Each structure stands twice: as structure tokens, then as C-alpha cells.
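Visitor: Residue-level listing of the chains:
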Amino acid sequence: MIQVDYSPYLLIVVLLVGAVAFALTPLALAWLWAKKFSPNKPGQDKNAIYECGLESKGDAWVQFKSEYYLYAIIFLIFDVETIFLLPFAVAFSGLGAGAFVAMTVFLFLLVEGLLWAWQKGVLTWK
Amino acid sequence: MDEGLKSELSKQGVFTTTFEDLYNWGRKNSIWPLGFGLACCAIEMIAASMARWDLARFGAEVFRPSPRQADLMIVAGTVTKKMAPQVVRLYNQMPEPKYVIAMGACAISGGPFKQGYNVLKGIDRYIPVDVHIPGCPPRPEALLHAFMTLQRKIDEQPLTGAQRPRHLVAEAPSEFPVPQYGEHDLEPPNNPAVWQPPALASAD
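So the sequences go chain by chain: H and A. Note that our numbering gives residue 32 to position 32 of the first sequence, counting from 1, and the numbers run on in steps of one. Position in the second sequence counted from 1, then plus 1000, gives you our numbering.
Don't read these hints as lab results, they were simulated from the structure. Be a bit skeptical, because a hint or two may be false.
[Stated by the list, open to error] Facing chain A, from chain H, some residues (calculated, C-beta under 8 angstroms):
#1 A48
#2 E51
#3 F78
#4 T82
#5 A117
Here the structure is a predicted model, which means the values were calculated and not measured. Positions of the beta carbon are idealized from the N, C-alpha and C atoms, including for glycine.
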């Protein structure tokens, strides 16, 4: 058996250096090439932020309507409800009466929330 | 490097090249076009990039959604006067080296709409066009031919000297003036540094 007298992590360091050099060498070569041959040509259009041919207008700090979050929350609640209901339905025949009551209470709470949101007019598109 | 010596060495199994050849070889085989179509010619351009004509054989299948990453602008279709400033601005936003293929009768001259009030009579009035393709619309083979013409053009460009391409000349412009909407027409009607109206034949 040959005795290894260097750290096994040395190999990782060597590979890491190789990987970084593999990534950086082409970039460095391209940079040197551009430095030697290709003059830098910035310009007003070239440095513009927007790149679809049109000039950018107005401010980036615009306000969005936040009302949509209600739909998102209601959807999320019933989405999570489905996740709970599915394993419940699969294991239904092996469950006792207590599990059934617990799930009914859970469903009732959610439906109650839905009715409340409905009554508040959240579900009407404005 | 002497061409005769190069050919003699290659017969002996020694491959030689120059920086210039290597640079141009890399450039001509990775011309990424801007994903940009204006009218029906764009359909032919799309067909050329699909499996049947397969633009990938020329290293040009990577249609870039941003001018910052594109090398080639294929002006595929009718350039209306409403669209012309945007086309020029997109061209300005492309990094050097950049090339333009004017595809189809409309892009090179206005085509069937040449007499119309709202169509630009050739995009070469504002930006330097490398290859013109006639046709209405040109078939994908014509676009492939334009590609090969452009590749040949790139291959022949020297890296140094007076004949070097525009992107290697520090004084040469990289951006071209974007036309404005005037009272009746685009102003200016053409970029005099790029295109000038042909002189009228005098009567005498």
C-alpha cells in the first residue's frame, strides 16, 4: 500500500484552480484582444437603459394596484386545503370519527372565511 | 504569412494559421442575428432558421432577443417611416462589430410600396448595409446566400492597416443619427455619411 503523504483536499484545490482558470482565461484573452485591437465606442443609444428600440419614458417608480393580493390569498388558502384533503381522502377508510370531525371543522373554518370574503364583495371584479 | 509557404507546409501535414485568420474564422462562424422581423420577409427568415434550411450550419441559429448580444441585424421586411427611428436605435444599441443584411425588396428600396407616403425607401439611407437581398420575399436560400456572402466579407477583412473594418477604427462612428419625425417626413431624409441620393443626369 502506497502511503499518501498529502492532504486529500489538495486535489480539490487543484481542480478548483483549474476550473476558475478555465472560466477566466477566455475572458482575460478577450479583454486583452479588445484592448489591443478594438477601440471602445460607448454612445448615448448604446448606454441607454431600455433596449427595445424605443426611448424610455417616465419614472420607474410607478404604483401597482395592490387589490389583487386578496385573490392570491384566497387561492392560496384553498390550494393548501387541497393538499390536506388529498391524504385525508386516501386514508379515509382507516380513520376514526375524531379525524372526520377535525377535518369538517377545518373545512368549515375555510368556507366561513370564503363566505366572509364573498359578503365583503372581494370576489366581484372591479 | 506567405500563402505559398502555407500551402507547401499543409502538404507536409503542418497546419499553420495567423491571428487574423483565427479571429476572422471565429467571427464569421458565430454571427448571432437579432430576433427582429418587420413584415412577411421575417417568415422566410424564420423558415431559414428552422430544420429544413437550418441556419445553424452557419453558426447563426442563436437569434438574440436583445441588441446587446447580437452581431447581425436582418432587416426583414417593410421599414415604415414610423419604424425607421426604432430600427436605427436598435442598430445603435448593438455592440461592434455589427453587420446588416437588408432582406427583401422593401428593406433595400421600399419595394412595392416605394411610391407610398409612409414607407422608407431603403434602410441603407440611415445605416450601413453589408448585404442586400432582392426578392419579394426572398426565399430562405437567398438569405443563406446572403449569409455566405457576409461570411466571405468578414473572412477577407484585415485586422490592421487602412483597409481594416469600421469597428477597429477608433474614429469611425459606432452610432448613427436617429431620424426624427418632422412636419412632413423623417428628418433628415437620409444620413449623408451613409447614403446620398444619386445625381440626376444633366440634360447636356
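Visitor: For which of the previously enumerated hints does the structure constitute a violation, in increasing order of number?
Guide: 3, 4 and 5
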